[in-house]
Structures are given as structure tokens and as C-alpha cells.
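Residue numbers (the numbering used here), protein chains in the order written: chain X, 9 to 241; chain V, -10 to 297.
Everything labelled a hint here was simulated from the structure, so no lab data went into it. Bear in mind the structure is a predicted one, so any value in this text is a computation, not a measurement. Fair warning: there could be bad hints in the mix.
Partner residues are not named here, just some residues of chain X that face chain V (Cβ under 7 Å, in silico) [stated by the list, open to error]:
1) 61
2) 62
3) 80
4) 81
5) 84
6) 85
7) 86
8) 90
9) 96
10) 104
11) 108
12) 112
13) 113
14) 117
15) 118
Just so you know, even glycine gets a beta-carbon here, dropped at the ideal spot from N, CA and C.
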Amino acid sequence: MTALLELQGLHACYGQVEALHGVDLSVGAGEMVAVLGPNGAGKSTLLRAVMGQVATAGSIRFEGASVAYAPTHRRAALGMVMVPEGRGIFGPMTVDENLSLGGWTQRGCVAAQRGRVLDLFPRLRERLGQLAGSLSGGEQQMLAIGRAMMMQPRLLMLDEPSLGLAPRLAAAILEALGELNRNGLGILLVEQRAPLALRLARRAYVLRLGNVVAQTQPGETLTQDQLGRLYLA
Amino acid sequence: MPSNIIGWARLIAGVLGLSAVAYIAVTGNYLLTALGFAAIYVVFVAALNLFMGHAGQVSFGQNAFAAIGGYGSAILTANHGWPPMLAMLASALLAALVALVVGQATLRLRGHYLAMGTLALGLISYEIAVQWEQVTGGYMGISGIPPLSIGGFAAETDRQVFLVLALAAVLACWSVWRLRRSRFGRAMGAVAGSEEAAAALGVDVARTKVITFVAAAVYASVAGSLMAHAVGYISPEVFGLHMVVVGFTMLYVGGIGTTLGPLVGAFVIGMLPEVIRGFRDVQDLVYGVVLILILIRAPGGLAGAWRR
Chain X
9 MTALLELQGL HACYGQVEAL HGVDLSVGAG EMVAVLGPNG AGKSTLLRAV
59 MGQVATAGSI RFEGASVAYA PTHRRAALGM VMVPEGRGIF GPMTVDENLS
109 LGGWTQRGCV AAQRGRVLDL FPRLRERLGQ LAGSLSGGEQ QMLAIGRAMM
159 MQPRLLMLDE PSLGLAPRLA AAILEALGEL NRNGLGILLV EQRAPLALRL
209 ARRAYVLRLG NVVAQTQPGE TLTQDQLGRL YLA
Chain V
-10 MPSNIIGWAR LIAGVLGLSA VAYIAVTGNY LLTALGFAAI YVVFVAALNL
40 FMGHAGQVSF GQNAFAAIGG YGSAILTANH GWPPMLAMLA SALLAALVAL
90 VVGQATLRLR GHYLAMGTLA LGLISYEIAV QWEQVTGGYM GISGIPPLSI
140 GGFAAETDRQ VFLVLALAAV LACWSVWRLR RSRFGRAMGA VAGSEEAAAA
190 LGVDVARTKV ITFVAAAVYA SVAGSLMAHA VGYISPEVFG LHMVVVGFTM
240 LYVGGIGTTL GPLVGAFVIG MLPEVIRGFR DVQDLVYGVV LILILIRAPG
290 GLAGAWRR
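All chains, please: the whole structure from these sequences, using the hints.
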């Protein structure tokens, strides 16, 4: 069976500086995979590389086809959808407009998906006419994920969705992701709060200094001790 | 009814402004020409607002497209006897084509570099207008441009001309407002917010910028054509760097990114010299002081202050 996303020997560069040194990673259909690692490990770079937002070398295959040379917007249209670090919400636009932008690739019928998104995050329904910039951090994250869901993604990639959120809110956000995953959505989750991510994800990769230094098999969990060593070693 | 003092102040300012325009229009005052000019600039500034306010880009070269419109209309009507509307349409098409070609290359630039690249565009168009004498008349320009007309009806009196120009101004603001609220308008706003985030949503950023640039060029071209027909004479100076400076001033005084900003800015800046004419020798000084005061008191522009 072809994987949803398959990276082989992926390198990524910012100018002269290489930030990823040959990463192999895969996400199966309907699988939730976590990428863990300390600050500066290259987690965000990994997602940016998958979306074509940094210069890359190596293979990026989505549903079996190479997308390594496709521009970002083409990848998005294929169903590769990223919720970036800092959420990428357009503050001067209303919640409604932000959601509509998520329907950009859909052309035409977005009403049904819109209903599903608002059911997933009822809080957004109350705030439709409000400027996105005036939302709280948690609501903005809901909007970012809701907007991504408007694109009817085949693979959803999230960069630290719990960043800057109170623990309860972070748990709620991750719970929503778990529900999306149970409904069959493939998810690649970058997260610093390892325990939270490991509870949901089927498998995890640990990234350090641009290399995959460990990966878990389905059902296998990392103990606090092992995690600590991976982060600090 | 407004509920507070600021609300009343807005209402009174609005009523006063509109009555002043109505008074001048009805009495056929000499100020009508200045008002007409302001209306033409509304069209020009609405396009600047589209490209800069809504799409978050920058262009110092919009005068090039106004020049294409102005010279296109002048040459086709005065020298070749085309009907004005057809000449305006043909010129706008040419402006769109030029914007399409130039935009592909120029819009790869960002920020200050885009500003410099587009500035060059305006300088080049000025040089062409000066040097290509057989076609543009060089420094002498082109005179004898007929007034605007559709079918048998021609706008010949000052009042008729003003009505046409005012209609164009309102149409320009209204259409930009509609465009901003369309599906494409949201993409424009996304590009202005963050090109990376827009692309991640599937928006073709390069294409969005080029389309916006082309649209802005068409508005500028129409403004140039209106200028040619309203005055009956054009020269390179009309579409020089001065036009860009005035346009920018109007945009920022009126309120960049607002719907009514171009309208308010163009009329305030367009009429300001008439209002302070009495200061004679120190007129320029007063003009400068008023500008500075407006920008200090209403940094988001007059229309922005209005909305608050």
C-alpha cells in the first residue's frame, strides 16, 4: 500500500545553512504520526520543506506521486494542508472570511464542509463576524485548524498547535485532532509537549539537529526516561 | 441619529462636504474644474488603493498606465477620429497588456525593490512621451482632444463634464469595494497578510499579484483617458512623477485600505490649494502644515478616523 506521505533522504536549506540532513519519514493513510524534538531540531523546517516553503533536495512523495518540484499552492490543492507555526491567521479579516479562504481550492460547494467545521468548533460559529485578530489564542488555533479543514485535506500537518495555550485548551485542541484522525484523516503533528502528542499518535519520530534520532513502532511508547535522554543527550 | 459628539461631528462634516460639492456643481462655480480633477484622481487613487491597500504591494509607476490611457485616447481621438469611448477601451486594453508583461517580471520583486522597479516604469513612460515626438508631440503634447461622448451625447459644459467624472469616481470606488469583497478579493487580502500563508491555502500568489496589477493598470489608464478628454490637452508633465506623489498623498491622507479613502483623500487634497489660496506667498507652507496636521491627528487617514 502506498503511504500518504513518504520522505526519503530529505535535505532542507536556508541559504547556505542546511537544517535537515536526510530525513526518512512516512505517514500512512489515516495514520497520526508525531514529530518530537527540542527547539531547533528542524521540526518546523520539516513541515515547511514538505510544503515547499524552503529549498529542498531528496524525495517527497504524496500518495505515491512526487511533489518535490510542485509549488506550494499546487501541493495545497492536492490536499496537503499545513497549519503553520503562529497559525497564519489573517487578523484584519473576519473569521468568516478566513474560513472562506480555506475553501479557495474547493471551488463551489463548501457549505457542507463549513457546517462540519463549525460543528467541530462551535465557538467559531459565535464569532463569524468578528475580526480574526481579536480572537483569543485558543480561538485562533481553532480557526486555523477549521480553515485547514475547509480545504478538505487528505493530510493535515500541524506545527505546535498547543503552543502558547493553557493546558486545558491545548488538550481540547489535541482532542479535536484525535477525533479528526478517528474519522480517517492522516495527520502529521509537530509538538514539543511530547506526552500530549504521544497519547494520540500511533507512531512518533524524534528529531535532533536535523536528523531522525529515534522512532517508535505502533503500540510502543517512550518512557519519561527515554524521552529525557533523547531531548537532552 | 448619532449618539455622541464624535458621531455628530462626522455627520456634520459629511453633510458640509457634500453640500459644498453640490453648491459648486449647481452654481457652476469656477471651482468645478478643480472638483473634476479631484474626481479623476479618485479613479487613479482607487487603483493605487487596490494594489497597495488591499493587495499589500507597492507601485510608484502607476503614472505610466495613466500615460498609456491619456496618450492612447488623445492620439486615437484627436489624430485618428476614433469615438472617445472606443479609444478609452482600446487604451485600457493596451495598458492591461503592458501591465501583464511588465508585471510578470517586476512583481517578483518585493518591498523597496518593487518600489524601485515600478518607479523605473514611470520614468521610462515619461521619457517615451518626451522623445517619441512624431507620435506624442514631445514636450508640446497633444491638443484638440474632443470631449467625452457616447453616441450623440457629448459632455461639453463644465457641469456635464463634472457629472461624468463624478460618476466615474463613484463607480471606481464601488467596483474596488466589490472586488475586495469577492472570492478574488479575499485572496488579495491573504497575499497582503502573508504570501507564505496564502500559498499554503492554495492561492497562486504570483498570479494574484499580476491580476491585481493588471486591474490597477486599467483603472489608471481610464483616469488618464478622462484627464485627456476633460482638459482637451495633454503633455508629458501631466503624467509625470508629480502624479504619483499627489496620488500617494491622497491615498495616505484619505486612508489606505479603506473604501472611501480615495474619495475623501482626492477631494481634500484636490481642493486644499483652492481653500488656502488666500494665504498667497505662504500658501505652500500652509499646505505642508495642514498635511502634517492631518497625518498626525489621523494616522490611518481621514476615512480611517471616520470609521473609528
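The hints, checked one at a time:
no.: 1; hint: 61; result: holds (6 Å)
no.: 2; hint: 62; result: violated (10 Å)
no.: 3; hint: 80; result: holds (4 Å)
no.: 4; hint: 81; result: holds (5 Å)
no.: 5; hint: 84; result: holds (4 Å)
no.: 6; hint: 85; result: holds (5 Å)
no.: 7; hint: 86; result: violated (9 Å)
no.: 8; hint: 90; result: holds (5 Å)
no.: 9; hint: 96; result: holds (4 Å)
no.: 10; hint: 104; result: violated (10 Å)
no.: 11; hint: 108; result: holds (6 Å)
no.: 12; hint: 112; result: holds (5 Å)
no.: 13; hint: 113; result: holds (4 Å)
no.: 14; hint: 117; result: violated (14 Å)
no.: 15; hint: 118; result: violated (11 Å)
Hint check: violations occur at hints 2, 7, 10, 14 and 15; the rest are consistent with the structure.
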